[in-house]
Every structure is written in structure tokens, then in C-alpha cells.
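As you go down the protein sequences, you meet chains Y and V in turn. Counting from 1, one number per residue, gives the positions in the first sequence under this note's numbering. Counting from 1001, one number per residue, gives the positions in the second sequence under this note's numbering.
In short, the hints are calculated from the structure, not lab data. Certain hints may be false.
The list that follows gives simulated cross-link-like pairs (lysine to any residue, SDA-like), each with its CA atoms no further than 20 angstroms apart [unchecked claim]:
id: 1; chain 1: Y; residue 1: Lys-102; chain 2: V; residue 2: Asp-1132
id: 2; chain 1: V; residue 1: Lys-1150; chain 2: Y; residue 2: Phe-103
id: 3; chain 1: V; residue 1: Lys-1059; chain 2: V; residue 2: Arg-1128
Computed from a prediction, not measured in an experiment: that's the story for all the values here.
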Amino acid sequence: MIRLEAITKKFGTTSVVKGVDLEIHDGEIFTLIGPSGSGKTTVLRILDLLDTPTTGRYFFDGADTQAHGADTLALRRRMAMVFQKPAVLNTTVAENVAFGLKFRGVASARIRERVAAALDLVGLAHLSDRRAITLSGGEMQRVAIARAMVTDPEVLLMDEPTANLDPVSSETIECLIRRINAEQKTTIILTTHDMLQGQRLADRIGVMMDGCLVQQGSCQDIFFHPNGQKVARFVGIDTIMKGIITANTNGHAFIDINGIPIEAVTPLPPSSRVELFLRPEEVTVSLPVPSGDIQKSTRNRLPGTITKLVLNGPFIRVTIDCGFSLVALVTRRSSEDLHLAVGTRVIAEIKATAIHVIAATA
Amino acid sequence: MGEIMDGFSQAITLIVTANPELVEITIRSLYISLSATFLAALIAIPIGGLIHFREFPGKQALITCIQTLYSVPTVIVGLVIFLLISRSGPLGYFGLLYTPLGMILGQTVLVIPILLGLVVSSLAGVDRGIRDTLISLGATGFQGVIEIIKEARFAILGAVILGFGRAISEVGVAMMIGGNIRGETRVLTTSIALQTGMGEFAQSIALGIILLAIALVVVVVLNVVTRRYSA
Chain Y
1 MIRLEAITKK FGTTSVVKGV DLEIHDGEIF TLIGPSGSGK TTVLRILDLL
51 DTPTTGRYFF DGADTQAHGA DTLALRRRMA MVFQKPAVLN TTVAENVAFG
101 LKFRGVASAR IRERVAAALD LVGLAHLSDR RAITLSGGEM QRVAIARAMV
151 TDPEVLLMDE PTANLDPVSS ETIECLIRRI NAEQKTTIIL TTHDMLQGQR
201 LADRIGVMMD GCLVQQGSCQ DIFFHPNGQK VARFVGIDTI MKGIITANTN
251 GHAFIDINGI PIEAVTPLPP SSRVELFLRP EEVTVSLPVP SGDIQKSTRN
301 RLPGTITKLV LNGPFIRVTI DCGFSLVALV TRRSSEDLHL AVGTRVIAEI
351 KATAIHVIAA TA
Chain V
1001 MGEIMDGFSQ AITLIVTANP ELVEITIRSL YISLSATFLA ALIAIPIGGL
1051 IHFREFPGKQ ALITCIQTLY SVPTVIVGLV IFLLISRSGP LGYFGLLYTP
1101 LGMILGQTVL VIPILLGLVV SSLAGVDRGI RDTLISLGAT GFQGVIEIIK
1151 EARFAILGAV ILGFGRAISE VGVAMMIGGN IRGETRVLTT SIALQTGMGE
1201 FAQSIALGII LLAIALVVVV VLNVVTRRYS A
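Okay, chain V solo, but in the shape it has when bound (with noise of 0.2 angstroms):
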């Protein structure tokens, strides 16, 4: 117990005295993670949109592997882009084993399918009167897509936040294709693993600290975006 404490209050330190490799460690996972979830949203919006609005054979089924992919396991995620990028993998010219590309493709990977899935269920919750009225004010095809993208734009955000959230706590994929290279890829959920594997718990804690306070802020800036502007 008394350990724990020790460990709170060297980590308490750490963070007012904004220890150079926290914050360094905590840039590197916020750009990581960022980068990962705009890059899955620019694919997963689009795509969720086509999955919607267009009718197709096995689409309800399509639907239900996305679904099945949230729970992926981030290892195995993580093996699938190992081999793809390492350098005997068909992306392996490219070099983006064990660098900050290579994390963000990862997760990028990672978090498309729950994205996907959530803007999928988004726009379907949209009421389907939305969509009569947009056609019959005059919208073309194009205008009601966009339209009823914007309607359930606290929906997807609520998604991105969601994303963003499995990529910035996953570990598999961080640890696997960036290797956990100190001042090169050491991001959050590594580096916890990593001090608390060498018993340096005053570091993890501090770690921890920062991701909850992170996803804390994520929570709070959605709850108030989506109170102001949903009433």
C-alpha cells in the first residue's frame, strides 16, 4: 500500500514539474492517436455513408463483420500490420516499421471498424422523415447525404471520441509496430508497460494519470459540444 502511495505522490511531482519525457512521451501518443482517428474518420465517414445510403446484396451482413471487428484484438491487429510492413511484407520498401507512421497506420486500421460501424448506426438513427423532407424540399442526391451527415454530426462525434479512446489506450499495436523506442516511439500505454515491468511505479502511475485525464477531457468537451448545440 504504502508502495501506491509513494507512487501517487512521485507521480503527483512528476506531473506539476512536467517531467521532460512525460510530456514528451504524452505528445508523441496525442499525435499518434490524433492522427490515427482523423485518418480512420476521413475513411470510416465516407464509407459509413456509402454503406447507408446505398441498398446492396449482404449489406446487412457486411454490417455485422463490421460490428464483429470492434473487438478485434489489438495484437492481432498488430501482427497483420507487422507483416505487412516488416521488411520481407509487401509494404516493407516503405520503412515504417518501428517509427510514428507506421503506430498511426496501425491504429488507423484499428479504429476504422468501430468508426465505421458507430457512423453506420448514426446515420441510421437519423428519423427517416428527415430524409423524405430533404428530398422532397428539392435535394439532390448529394445535398440530402450531406444534410443527413450533418444531422447526425453529435453521433459521429460521439464515434471519433469513441475512436479516438481505442487508439490512444491500445497497447498491441504501439508496442509491436513501434517497438517502444525511447525519444522515437515510446507512447503512453508502452511506457506504462514498460516502468511497470522494471518496477518503476511513480512513472506508471503519472502515465496513468495523464491518460484518464486525457479521456476525461475528451468526455467533458463532448458533453458540453453536444448540450449546447442539441437543445
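Next comes chain Y alone, as it looks inside the complex (with noise of 0.2 angstroms):
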């Protein structure tokens, strides 16, 4: 459907994207996350063809846009993009959704027509006849929404389209963005800095740091196999650690970490130097049992001393001082039940599966 080559731009001297390629397939939804002034705007704005990339190509469906006698109207006219901050006009809702239909020259009655439609579709009909600019920030990001999609686009490209916004009002739009690919079957294109939501909406996810698309694929990939720490980072990984593999039995690796023997999986050979990345929803933390050894199938039972515990939502982050530094997420419950509390000795189990390997970056 989308298909950018080497997609670079500049303004003045800075560039702001550099070297992007990306392949968005038909009826998919695809998030660019990452954090704020990574580039992820400007490569939505690419794509709707209001910037014109420095250097690069750009294919929809199958056609150069930046070829000499290209269409870009017509294949502006294809697409449909939602704002970060929607833009609306000072004039009815209604008015509001029919101006795509106005500039395709669509007839009247068939505009009234569509337009009731997309309103229903947003769940705002019944406020068809407000003047937009007195409509709350979520009523107008639906809006924004129903008059993208009442011309019917084959690509929806929707830049931070919760940003602002209470969480109520958020869960709405991300229904509704289900729904609209679920339904229209619409490719829609969305770039979020909320990397819970790129991974709650997303087929696909790509990830761009400082102008560059990092990494791109399944939630599974981005969230448990991040290709370096700064994805990692993002993606809300705090234990990232780096350690040698002393030997590697089928895939099955012991690693050094400050001298301290970890179990991993990886096919990397001994002798590497590798970066261990852990999620802290994958480490159980226990107290100390005095009898001594319990049977169990986690790999690393690791000693330690708590440092820190912050208050997460529902959660309490952990931190542990194993001889390296340790993140767990425990619930509230299970953290009164253990009496964790700084100082408190704790056992952080880990399976080997549980921890993503990669070589490590020079």
C-alpha cells in the first residue's frame, strides 16, 4: 500500500528525518511510538504528502509521489489525517465533517447523507447542529475523526490522536479506531508517544528515535525484543544489564554479569559481550526461605536488598541490588503481604526465558 525509501528531511540545517524505510501493508494498523521530537509528525505529514522529504521516495500504492506529473491531490484525496491538536472550523459540526465532500464536489443531499453517517459513526449526532468551536477536546477529536473518515479514505494517518485528552475520552477514540479498521477495513497509520496504546491498537508497531526508524514489528518484538536500550528504554524496560557468555549449551547461555552467574537463552557463542534486557513484570520477588532450597523451574533466584520502591498505579516498582541493580513490578497486595520495604532481603526470581539477549553494541 505505502512503501517509503530512504526518506530523509531537512529543515534549514537540521534534519529532522533520516533515512526511513517503512512498509505499510492494505487494512493493517501501523503506530510509530516513540518519544516526543523523534520525527514521528513530520513522517505522517510525509505521508499525506503536506511535506515533500528532502531526499527519499515515496510509493502509494504503487505510484512515485514525488514523480515528475504526479497527482498529489488526487492522491491526497486517498488518504485522510487527524491532527494532534484538530483544527476546526468556525462553523456548525455538521459543516465541520462536509468540507472533504465539499472539495470532492460531492452533491448536496449525498453530503447530508454521508455526514449523518460519520457523525453516527463517532457517536456525535446529535450534535450535528453545535458550532464546533464550543465542542470539548475529545467531542472535537471525534470530529476530527468523522469528517477524516467521511470521504471513505484508504489510508488514515492520525497523529497523537489521544494526546491531551482524559482517559474516558481516550478509550473512546481507541474504540473507535478499532472499529474503523475493523470494520472499513481503513489502513490506518498512527504515531502515539504512549507506548501502552501503540501496543493496545497496533498490528504493527515501528519505532523512531531521534529521526531514525529504529525498529520495526509485532508488539511481541518491540515490547519483549528490543533491538538496543534505547528502544528498550521506551518500551518501559528498566533492568538492562551487560555481562560475557561463559558457555552456551544448546542455545542454553550462562552469562557474567559483574560476577554474578545468569541463565539466559541465545544462541550467541561464549565469549560474547551481550546486553540482557528484562521486563519488570517478568521478576517474582519472594522473601528468603530459612530451610533452604525449594524445587522450583525459574532459572535465577537471585539475593538481594531493596533500595527503592515507588508507587505505580495499582503496581510498586522495585528496585534490588543484586550486585547489579534489579526493577520488579509487584501489586500493592502482594507487596503488604511480603512487608517489602527499603533494606527489606528479597530473592528476585527470573526465568532464563524471560530474559531477551542481544551482542553488544560497541
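With the hints in hand, could you dock these two chains into one complex?
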């Protein structure tokens, strides 16, 4: 459907997008995640033909959008974009939704029908005669979605569609995005800095960092197998360790981290320098049992001392010093049951398969 | 003080009894200034749009020049137009000097800079997101420009009304181009100047009250329209 080849974008001397290669498939939800200022919005604007790439090629449905004589308007009319800050025109909700159809010369009667259907889709049919500028942020964003969807686009581009919205409005918008994709088979490309939203909505995810698309893949790939420290940190992995493989038997490796042996699964050979990533929810915290060993399937049982406890919604992030720093996520109830506090001696248990191992970068 | 109070009471009488000369001057003033404002708007809105939507070298310098012309003395405009349309001037052939048409031309020239500058500012005041949204919705260049002008309509309307205020309250162009000929080119401002010079304060005060009343009506209408449609 869409293919970007080595796209770059410079504003003056500042490179905002640096060589992005990307392929979007028909009917998928592709999410670009990344911190603010990483170039996500610029990629989206290039996709909507609002900005022209400095170098690189952009193919839409096989057509080179930069080719001499390319009908930019016709290509753009096959897409629609919802902006982070929805701009509504100072007129009624229905008239706002009708703009795309008016521009395409659709007959008035047909416009009325389709506007009504689009407003129905976003649950704002009752507000069609209201002046759009009097709506709340969430309602305005739904108007923007209706305005985009009324033209029945093949591709819907959404730039941080729930940024600045309350949780209830965000939930409504997310449901709407899933519904549009499921019912109308619209290809959706959205950007978000909320990695969990990316995970909830996407079929595939791309991670933008400092203008580069550093990783793309399934949610599983991105959240459990990040390809580097930056991505790992962005997707919520606090525990990043460096070590050397001391032995590897059929992919079952022993890794030395500051003198502490860790078992993990990796095909990398012995003597390889590696980075290990561990999600906090993969760490189980228990109190030491004085009677000795208990048989468990867990390969790694690391004694340590709690150095920090931080409330995180219904969970508590527990930082444990096991010779290296380890972060675990425990429920508040578990924390209370175990009487966890700074200084408490605990055992951190980690399955070998829960640790993601990659070759260390130089 | 007594003279002023007498002037006021006589002025009220003149207005209430719809003094024919007063009515005639008022109608002529409105006709000339409204025509000039309409013509100026017809010229300034598209040119303002062009300046705003096009990028060209010296754009900011041009905007600065236009803004400088906001405060050009009316007598300077009067002098330039006088030289252009006097019998020996390049436009002397049309015989516009000392005619209402000549006054309309002069006031149009006077109002264009202020209208042009404010139209450019009004369009620049439209949220950048609106422009992106319209393009993204598939607007052609022309469709986008029209919608942005519509979006800035209240600010542009304000600019037009300010332009009208400048036209109806000026005296330099009206005096130099119109010549203040009774029954022909005499307007509110030139008449006030003349009557005051002759010591006819009642007539001057009455004309002044009418001038202020016109300004009041214009402002009230603008406020009502803006409040009704912008919220």
C-alpha cells in the first residue's frame, strides 16, 4: 500500500527524519511510537503529502508521489489525516464534517447522508448543529475523525489522536480506531508517544528515535525483544545489564554479570559480550526461606536488598540490588503481604526465557 | 459655555426636525465613504490574500511599508490625488476633480493600506492547523484560500469597518479633492470645518453628533455580528 525508501527531511540545517524505510500493508494498523521530537509527525506529514521529503522516495499504491506529473491532490484525496490538535472551523459540526466532500464536489443531498453517517459513527449525531468551536477536546477529536472518515479514505493517518485527552475520551477514541479498522478495513497509521497505546492498537509497531526508524515489528518483537538500549528504555524495560557469555549449551547460556552468573536463552557463542533486557513484570519477588532450597522451574534466583519502592498505579516498582540493579513490578497487595520496605532482603526470581539477550554494541 | 450649550440644543433641533441640508450632507458622506470602503475592500482583500499565501522576496518589507502607510496624513493623499486628477494631471481627462467620484477615488486610496495590512494580519491570525486541515481534506489551492478567508471573516469585517471609519472621518482628501462645494461635494467633515470657521457652532455640533452616531452604529453592528457568529 505504502512504501518509503530512505526518506529524509531537513528543516534548514536540522535533520528531522534520517533515512526511513517503511512498508505499510493494506488494512493494517501501524503505530509509530517514539519520544516527543523523534520525527513521527514529520513522517506522517510526508505520508499525507503535506511535506515533501528532502531525499528518498515515497510510493503510494505503486505510484511514485514525487514523480514528475504525479497528481498530488488525487493521491492526497485517497487519504485523510487527523491532527494532534484538531483544528475545527468556526461553523457547525455538520459543516465541519462536510468539508472533504464539498471539496470533492459531492452533491448536497449525498453530503447530508454521508455526514449523518460519519457523525453516527463517532457518536456525535446529536451535536450536528452545534458550533464546533464550543465542543470539548474529546468531542473535537471525534469531529476530526468523522471529518476524515466521511471521505471513505483508503488510509487514515492519525497524529497522537489521544494526546491531551482524559482517559475516558482516550478510551472512546481507541475503540473508534479499532472499529474503523475492523468494519471499514481502513489502513490506519498512527503516531503516539504512549507505548501502551501503541501496544493496544497496533498490528505492527515502528519505533522512531532521533529521526531514525530504529525498529519495526510486532508488539511482541518491540516490547519483548528490543534491538537496543534506547528502544528497551522507551518500551518500559528498566533492567538493562551487560555481561559476557561464559558457556552455551544448545542455546542455553550462562552469562557473567559483574561476577554473578545468570542463565538465559540465546544462540550467541561463549565469550560474546551481550546486553540483557528484562521487563519488570517478569521478575518475581519473594522472601528468603531459611529452610534451604525449594525446587522451582525458575533458573535464576538472585538474593538482593530492596533499595527503592515507587508507587506506580496499582503496582509498586521495586528496585533490588543483586550486585547489579534489578527492577520488579509487584502488586500493592503482594508488597503489603511480604512487608516489603527499603532494606528488606528478598529473592528475585527470573526465568531464563524471560531475559532478552542481544550482542552488545561497541 | 453658554454658547456650547446653545449649540447643542440647536443641534438637537436640527437633527430631530431632519434639517434638509443636514440630511443631504449625511447621505452624501455615507455614499462616498461606503463606496470608497467597498472599492478598497474589493482591491485589498484579494491582494492581501495574495501577499499572505504567496512567499516572495521582500514580503516582510512590503508588509512594513503597508503598515507605515496606515498613518499617512490625509492631506498627503489629497495632494497626490489632486496632482493626478487636476486638469493638467495624467488623469485630468476624466474630469474627476471637485466631484464625488474623485472623492471616492481619494478615499479609496486612503483606505487601501489600512485594509490591506489588516487583511494580511487577519489571515495570519488563522490557526496554521486550519490550513493543514483543509489541504489534508483535499482542498485545491483556491478552495483552501476561500475557506481561510471565510475563517478570518470577522477579523476582515473589523478591518473593513475600521477602513470605513478612516474614510468617513477624514477631512484632507474630501476638502482638497471635493472642494467642499455646497450641494455637490460637501460632506460631514468638510461641513464641520466650514461651519466652525463661520461661527455656526449649532450646525457643526449637529454634524459632529451625526458623525459620532454613525461610528456608534457601526461598532454596535460589528459587535453584535461578531458575538452572534463567533461563539
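Hints, verified against the model:
In summary, the hint linking Y/Lys-102 to V/Asp-1132 is supported, as the alpha carbons are separated by about 17 angstroms, within the 20 angstroms threshold. Between V/Lys-1150 and Y/Phe-103 the alpha-carbon distance is near 15 angstroms, which keeps this suggested pair within the 20 angstroms criterion. Only pairs whose Cα atoms come within 20 angstroms are accepted, and V/Lys-1059 paired with V/Arg-1128 is accepted, the gap being roughly 18 angstroms.
Of the numbered hints listed earlier, not one is contradicted by the structure.
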